[in-house]
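Use the sequences and the hints to build the structure in full.
Residue numbers (the working numbering), protein chains in the order written: chain A, 1 to 392; chain B, 1001 to 1392.
It is worth saying that the hints were derived from the structure and are not from the lab. C-beta: ideal position from N, C-alpha, C; glycine also. Any given hint might turn out to be false.
Some chain B residues judged to face chain A by a derived CB distance under 8 Å, without partners named [what the hints assert, rightly or not]:
| no. | residue |
| --- | --- |
| 1 | 1042 |
| 2 | 1048 |
| 3 | 1049 |
| 4 | 1107 |
| 5 | 1110 |
| 6 | 1159 |
| 7 | 1167 |
| 8 | 1171 |
| 9 | 1294 |
| 10 | 1298 |
| 11 | 1302 |
| 12 | 1364 |
If you want the ones that stay clear, here's a sample from chain A, every Cβ over 10 Å from chain B, calculated [said to hold, decoys possible]:
| no. | residue |
| --- | --- |
| 13 | 23 |
| 14 | 83 |
| 15 | 157 |
| 16 | 325 |
| 17 | 346 |
| 18 | 363 |
Protein chains: 2
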Amino acid sequence: MTPERIQSLLETYRDGLLEDTLPFWIRHAVDRRHGGFITSLDHDGTVIDTDKGLWQQGRFTWLLGELYNQVEPRQQWLDLAIAGADFIEKHGFDPSDGRMWFHVTRDGGPIRKRRYAFSESFAAIAFGELFKATGRSRYADLARQLFGRFIDHNLDPKNTPQKFTDTRPTRALGFPMITIATAQELRDSIGLPDAQTWIDRSIETIRRYHLKPDLKCVMETVGGDGAILDHFDGRTLTPGHAIEGAWFILWEGKLRGDEELVHLGCQMLDWSWQRGWDSEHGGILYFVDLRGLPVQEYWHDMKFWWPQNETIIATLLAYQLTGDAKYATWHQQIHDWAYAHFPDQQHGEWFGYLHRDGSISSRLKGNLWKGPFHLPRMQLTCWRILNEMRVG
Amino acid sequence: MTPERIQSLLETYRDGLLEDTLPFWIRHAVDRRHGGFITSLDHDGTVIDTDKGLWQQGRFTWLLGELYNQVEPRQQWLDLAIAGADFIEKHGFDPSDGRMWFHVTRDGGPIRKRRYAFSESFAAIAFGELFKATGRSRYADLARQLFGRFIDHNLDPKNTPQKFTDTRPTRALGFPMITIATAQELRDSIGLPDAQTWIDRSIETIRRYHLKPDLKCVMETVGGDGAILDHFDGRTLTPGHAIEGAWFILWEGKLRGDEELVHLGCQMLDWSWQRGWDSEHGGILYFVDLRGLPVQEYWHDMKFWWPQNETIIATLLAYQLTGDAKYATWHQQIHDWAYAHFPDQQHGEWFGYLHRDGSISSRLKGNLWKGPFHLPRMQLTCWRILNEMRVG
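Below, the structure written as C-alpha cells:
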C-alpha cells in the first residue's frame, strides 16, 4: 500500500466514524425520555419500533466508552455511555434468575430472553469501558460479574429450556469466538485477571474442534467431539463469522508478537475468504455449504453489512502483520465492493441488507441486530491500524 | 373462462400431480430402510439430509391417503400411507408428555420439539384419511385424539417454555386458520362430531381479531384483544398465509352454500392480493409491512413456492363461486407467473425459493418445511374445482 492509499483509507474510516456513523446514531437512537437507545430505524433515522434490544444497549454503550477512552474524552460520549449503562442496570436483568433480557419495551418491560448469554457479554464490555473512563469500581464489578455469567451460562445453561434434545450434541463457534473478543476488551479496560487463560482456552477450542485443515475450512457447528455433522446445520458455514474470529486471533497475535497465532488467523481468513467471497457479484456471502450443496437458510446468498465489515478489518490486519500483498488486494476488493453498495448517500450510515447482486433488499438502518457496532468498530479499528502503518 | 382454458388448466394440474409431483416424491423421498419419508432433497432428488420432519411425515401420509380416497384406490398409495403412519406412531411422540416431535433422525431419534403443535394437526388429518381408506378404528381414534391435543395445546400450552413474556400478549392467525382446515378434513374423513363448531369458532376468531376493514387487511399477529401492535412483528403481514385462510373459508362457504362466508373469503383474498402481489416483478411477496415500512425478516421480498400455490387455489375458487372476471384475471396472472418461474424443467417438481425477480435462490426441492404438500394439494384442489366447472 502506498502512503497515499494509507492516508486516504485512514480518512475514509476516521471521517466516516466521526462525521457520519456516530452522528447518525446519536441523533436518532438516543431515547431522552426513558434512557437507553432505540435502534430500530428507517433509512432516514425515523424510529419504526420503540422496543429496545439489550445487545444494542451494551454495544452502543461500549462504543461510546471506547471512543471516550481511545479517541478523545468528549463529555457527550461519556454522558451517553452512562445513560446506556443506567438503562441496562435498571431494565436489563430478570430478577428471578439474574440473567439478562434480549428484548424489552421502550420503558424496560421484558419481552424476551434468549437461550444464549450474549446480552451479558456485550454489557460486560460496556461496563468495562465505563470503569476505565470513570474509575468507579461498581462498573468494574459489574463487568467482571457479567463475564463470569456469560462463561458459566455457556458452559452449563442451567434452568434454560434447550432447543434440541441430547441426541446430537453440537458445539458452536460463537461462544469461543466471543469469549476471545470479550476477554480482550476486559483485559484492556478492567485488567481482567484470567483474560489470557480464557483467550488461550478459546483459541485452543477453535483449533481443536472447528478447524479442519483437510477440508480447508472453519466449521461453524460441529459435534461435541468436533465431528462433521453431515446435515444442513452441520454443513452450514458462515464465512463472515469465521473471518471475524480470524481477526480476533490476529489481534491477539499482534499484541503478543506471536507468529503462530498470526499464522492461525491468516489460515482461518484464507479458507473463509475462498469459501465466502462471491466471485460472481463480489462481497461475502452469508452462508455457504461445506460441500456446495443447497443451504437451508433462506437468506444464504444475501449480502449483510457485518460480514463485509469484519472482512475489511481482517484483510487489513493480515496485511499489516504479514506484509503479504494478497491481503492488500483482498482488502481493496472487499473495501471497494462494500463502499460501492452499502453506504446511504442520502441519509448517511450503511444499509444492512442487500440482495446477492448488491441491490437493496431493505432500507432498514437498524433493528435489534443491526445497531452502532460492526460498522463503527470497523471504522475505529481500521483507523487505528492505518495510523500505525502510517507512522510505522 | 372458456371451456378450452378450463380443460387445459385441468390437464396441467392433474397431469402435474400424477405424472410429475407425486412420482418425484415417491421415487426420492420414501425411506425403504427405516420407514417414513426423507424430504430434504436436492434438485435432482438426491437426499442431502437424512433427518425427518414430522410435519412432512403427516402431510405426505395425508396426501397419499387423500389421493387413495379421492382419486382412485391405488394399492401403492395406500401402502405408502400406512408406512408413513407407522413411522409417525413409532417415532413421532415424546413418551414423557405425549406431545409430538418436530424433527427426528432417520431412524427416529428425537432432535427437536417445537412450542407449537402443528405436527399434531398434520398427523391428525393423515390418520383420518387412513381410517377412511381402511376402516380401522384405531386410525380414527388417533385422528380424534391428535385433533384434541392440537386444540388443547394451542389454547393452553402447558409445560412448554414460551418464547415471549406476558408483557405483550399476542394472537396469531395460524391457529384458527389451521383449525379450520384440519376440522374440514376430519369432518370428511372420520366425521369429527364437533368439526362444525370448531370451524365456526375459528372463523369468528379470524373475523373478530384479525380482520381490519378500516385498514383493508388481514393481520397475521395482533394483541390479545385484537389491537394493532405497532412494532415489527405486529405490522408484518403474510399475504400468502392470509390468502390460504381465505380459501379455507371460501371452501366452507361453497360446502354450506353460505354467501356470507364466500363474501368474507373474497374480502380476505382481495385485501391480501392488493398487499401481496408484486406489481413490479409478479408473484406474491412473502412479508409486507402494514404501513409500507421496512420488514425485519430478511427473506421478506423472496418468492416462496407455497404462497403462489395458495393464491392459485384461492383465485380459482373465488372465480368458481362468484363468477367475477377479476378472479379469472388474477388466477391467470398468478398461474402464469408461477409456472414461468418455479417448475424445474430438468428434474421435475418445483423449486421452492426464488429471489424477488424470479431468479433461483436455492435449488432445494425439499427440507423439513417444503415437502409433498402445498404444490400437490394445489394441483388436486384445482383439478377438482375445474372438473366441477367443466361438468357444471
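For this session: Compare the structure with the hints numbered earlier in the document and write down the numbers of the violated ones, lowest to highest.
Result: As far as the earlier hints go, 4, 6, 8, 18 are violated by this structure, in ascending order.
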